[in-house]
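Chemist: Given next are the chains, with one letter for each unit.
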Amino acid sequence: MRALTWHGRHDVRVDTVDDPEILNPRDAIIKITSTAICGSDLHLYDGYIPTMQKGDILGHEFMGEVVDVGTRSTLKKGQRVVVPFTIACGSCYHCGKHQYSACDNGLPADNQDIAQELYGQPMSGLFGYSHMTGGYAGGQAEYVRVPFSDVGPIVIPDGVEDDKVLFLSDILPTGWMAAENAEIEPGDTVAVWGCGPVGLFAVQSAFLMGAARVIAIDHFPHRLELARTFGAETINFEQSQTYEALMEMTGGIGPDACIDSVGLEAHGFFVDNVIDQIKKSTFLGTDRIHSVRQAILTCRKGGRVSMPAVYGGFVDKFPLGAFMEKGLTLKTGQTHVQHYMPALLDAIMEGKIDTTFLISHTLPLEQAPQGYKMFHDNQNEVTKVVLKPGLAIAAE
Amino acid sequence: MDDTRSAVRDDAPATTAKSRPDDRAIELLIDAGGDHVVARAVTINRPAGELYAYFRDFAKLPSFMENVVRVDILSSERSHWVVKAPAGKTVEWDARITEERDGELIAWASEEGADVPNAGRIEFRDAGARGTIVVATIAYDPPAGTLGKLVAKIFQREPAIQARRDLRRFKQLMETGEVATASRTKKQHDEETA
Chain Z
730 MRALTWHGRH DVRVDTVDDP EILNPRDAII KITSTAICGS DLHLYDGYIP TMQKGDILGH
790 EFMGEVVDVG TRSTLKKGQR VVVPFTIACG SCYHCGKHQY SACDNGLPAD NQDIAQELYG
850 QPMSGLFGYS HMTGGYAGGQ AEYVRVPFSD VGPIVIPDGV EDDKVLFLSD ILPTGWMAAE
910 NAEIEPGDTV AVWGCGPVGL FAVQSAFLMG AARVIAIDHF PHRLELARTF GAETINFEQS
970 QTYEALMEMT GGIGPDACID SVGLEAHGFF VDNVIDQIKK STFLGTDRIH SVRQAILTCR
1030 KGGRVSMPAV YGGFVDKFPL GAFMEKGLTL KTGQTHVQHY MPALLDAIME GKIDTTFLIS
1090 HTLPLEQAPQ GYKMFHDNQN EVTKVVLKPG LAIAAE
Chain Y
129 MDDTRSAVRD DAPATTAKSR PDDRAIELLI DAGGDHVVAR AVTINRPAGE LYAYFRDFAK
189 LPSFMENVVR VDILSSERSH WVVKAPAGKT VEWDARITEE RDGELIAWAS EEGADVPNAG
249 RIEFRDAGAR GTIVVATIAY DPPAGTLGKL VAKIFQREPA IQARRDLRRF KQLMETGEVA
309 TASRTKKQHD EETA
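In the order they appear, the protein sequences are chains Z and Y.
Going by our numbering, the residue at position 141 of the first sequence is 870; the numbering climbs one at a time, nothing skipped.
Going by our numbering, the residue at position 73 of the second sequence is 201; the numbering climbs one at a time, nothing skipped.
No wet-lab data here; the hints were simulated from the structure.
Everything hinted at is true.
Simulated restraints, written as ranges between beta carbons of each label pair:
id: 1; chain 1: Y; residue 1: Asp185; chain 2: Z; residue 2: Asp1083; range: 54 to 60 Å
id: 2; chain 1: Z; residue 1: Gly1031; chain 2: Y; residue 2: Pro214; range: 55 to 61 Å
id: 3; chain 1: Z; residue 1: Val889; chain 2: Y; residue 2: Ala169; range: 42 to 48 Å
id: 4; chain 1: Z; residue 1: Asp1083; chain 2: Y; residue 2: Ala255; range: 41 to 47 Å
id: 5; chain 1: Y; residue 1: Ala169; chain 2: Z; residue 2: His736; range: 39 to 45 Å
id: 6; chain 1: Z; residue 1: Phe1047; chain 2: Y; residue 2: Val196; range: 44 to 50 Å
Glycine included, C-beta positions come from ideal geometry on N, C-alpha and C.
Isolated chain Y (complex conformation) (with noise of 0.2 Å):
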């Protein structure tokens, strides 16, 4: 019988399992294709509608995304991605909104041609007086040959270090309005988010 992980009753989140890949946690994403899986959780203590207003707008996300160079609006529902990769590179793809319920959820897939195929949902979970819990899955596959080899340092090694980063710039920036950084000059400032 293949039934004996889910007679033992769990409440974690199925992403923090032991064993990896996890097909509860993909079988969460539409579409999802990839063999790698991220999630995150972070309480955010602004409104659900606040953070899904700033986050659907995707052409802010570079505001707290470090790796994301910018991201071009297609249409209301497609997107199209620049992001860096190591060595000066770029990889880009273009994403499509798979599902979406105001201030509650939004999930993406990579469209055919991606340098990275991925897909993934960043829900918003009404959490009362603390605000909202925001909680980000990812899957990607890493992609094959050289590019594959540059792009995997951030794809491969690096995602749930950058997932959580990224979350916490976006906790910073609905919470107190600005990224914390500990420059001392204007310059030093560009030369760390460069």
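Isolated chain Z (complex conformation) (with noise of 0.2 Å):
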């Protein structure tokens, strides 16, 4: 088959690999027929997430038709389904309180030795994302080996169209859980930090939840648009002082709730302390934390900070004093996507969400890794690129 492999830095190209095949009695085989590429996926594209294989293949928001499945599979051949990024086994004491992103047993146990030292506890497994995460193949390919395929995937009905439920696979369901991480109660302001898909889908469903006001804040123009467009006041960074400006919109209070959604954007491990170089770039840099240091001044006392941002190892001049002075509750995690999944199908069933207009581009397979370069040059307009393995390449 096609898939979109690492080869190193801004080096990802499209090779000819070994079809994946069924192994355990609850696998299924996916046919992909939609697979987007995720602003953490830059991460790997830059090189900064370590534990990296050349050859691995990326993706893991991705959808498509069930080709094959194992003894204890519920699927059927021919379901269409939306599969998860994080693979989580249903069985333990974690999916059982659908705490699925801290499943036990998602990770193979070798690879549980790296996020035990780190974390304490190993967490559930990824698709697609560095060794760390389970060494697990992604799904920017033409098939894809899906682990416990009785419990990820969400069947789809016919007729409805891939781009419009694409996303529950990662960043809706992130979005949302970010919001209900909020606490909001009706009437709230909320304030979000990076309008991203994860920051616009969670201005989206704060709104759902009952604010009575959202302020976006960002420094690209076309995302604060996006932000508007769902009734969100905003804040380009670039031209205004944040602090100020939360301050003197919310009457001096602060906004009840605030939602961190820049953070590091990946969904991996950030090991910091122990890649000395990644503290070097970019996204390590001062105005990355500052998004949850700014969170936690402006937020009204006794407010919730929401933190989906991610975040992987250990963070200076974390504001600890205004946290706790202020009484504020932090809730994050990485997303529990199996427990949002059916009620955000209905959702967008019943046209209560739509998250289409985030559909920058789309491209065949084989030009994924223009797909990339596209992403990573022109974060302002390139907002997401959906590759489709069943796309004919357009004529040059």
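Since each chain sits alone in its own frame, please combine them into the complex, following the hints.
Modeler: And the structure:
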């Protein structure tokens, strides 16, 4: 099959590799019909994520058609499914509590050592995101092997086009969980740092949960415009001082809830304590840490801070004093995708949520390397690149 | 006086003591004889009786113990173990069950002539709604000589890691019915589990 493989910094290629096979009873093989490039894939592209190996297949936002199943899979050949980016078993204590991203069994036993060392306990596996998250082949390919297929993938009704449901795989549940973690009360003012896909979906979700006002903060004009189309007020932090603006806009109170969806943008393990070089990268510069610091300082007393943004290691100058004195609540975590998928699919079917606005470019899988480059070079206008293995290459 | 340590109350398991080897830990083992002790605890979301039954059928242990090539059942109490060593070699021993409580405990010790003398016990403690806490404690004597140097690679430096990974695989098998793998093809999978 053809697959987008990683070969090094700014070097991804579409290679021919062996097709995946059923290896465990609960596996399924999915023929990919749509797969997206995630902002966090750019960190692999930029070479910031350790434990990548040449030839690794990328991609953790994907959907397709079931073409083969193991003896204990509950899927049937021919079904269309969206696959969660978190690989969770559904049987352990944490899955029982719907804390799927904390699954005990998603990572192969040997791959659990690094996470245990860094975080105290190993987390769930992830598709296509380095060997620290399991070393699973991703979905930017013609086919993918999906473990625990009886738990993760959600079946999509016939007649619903891919673009409407593809983002159930990651960014829509992530934006939704971000808003849920902000424990929004009717009438609240919610501030959202970062208008990437997760931030934009958090804006939509916050309104659906009863927020009276949502204030979105970014510096990409196009992305701020998208936030405005959902009714958000916006602050361009290159033009205005965020803290002062938020305090003025809330009458000196501060937002009731603050959502930091900037972070490192990565789903993976930024091992800044291990790889010193990463510290030098702009992605760990103080401006990145700055968003959560700003969220804590502007949040109203007794308010809530939600952090869908991914941080991997340690941060300096975390305002622990302000956090404690103001009695804030901080909720965070990798998304429990499996928990949110059914209700969000319903919301899409009922027309309450539309995520198709995000897709700015659609390319054949064969042109995935160009997709990475354009996404990397122009984050203002390239909001989402969707790859379709079945799409013909446009004549040039 | 020798009881200065015991004067300080501490509920941490003996095998987590900063000083090794720990006499208290070795005393837990029947007929231990070894001076290296490894202990690991894992909580498995299944009833103790089910875990005990799977584990007690020693011939099944290679399904999650990566280094165990095979276990031959000699009698209800005796078994013959063949375990991988570096450079394609294997080490072998006969083991005898020294204590057994249905659904709770299995303890064993190697018999005379073992390549790697060892003893251990695995306990299954009911953890209510969370399932069962499985605690494995293993003591062993690193062998001398050339073979010993090879074996040490596994049995001197690695046993803590190996025990931890084996217990994780046991947990995966019992909770999910399979051992997680990131392989893509059968060929890859065979190479990785060989």
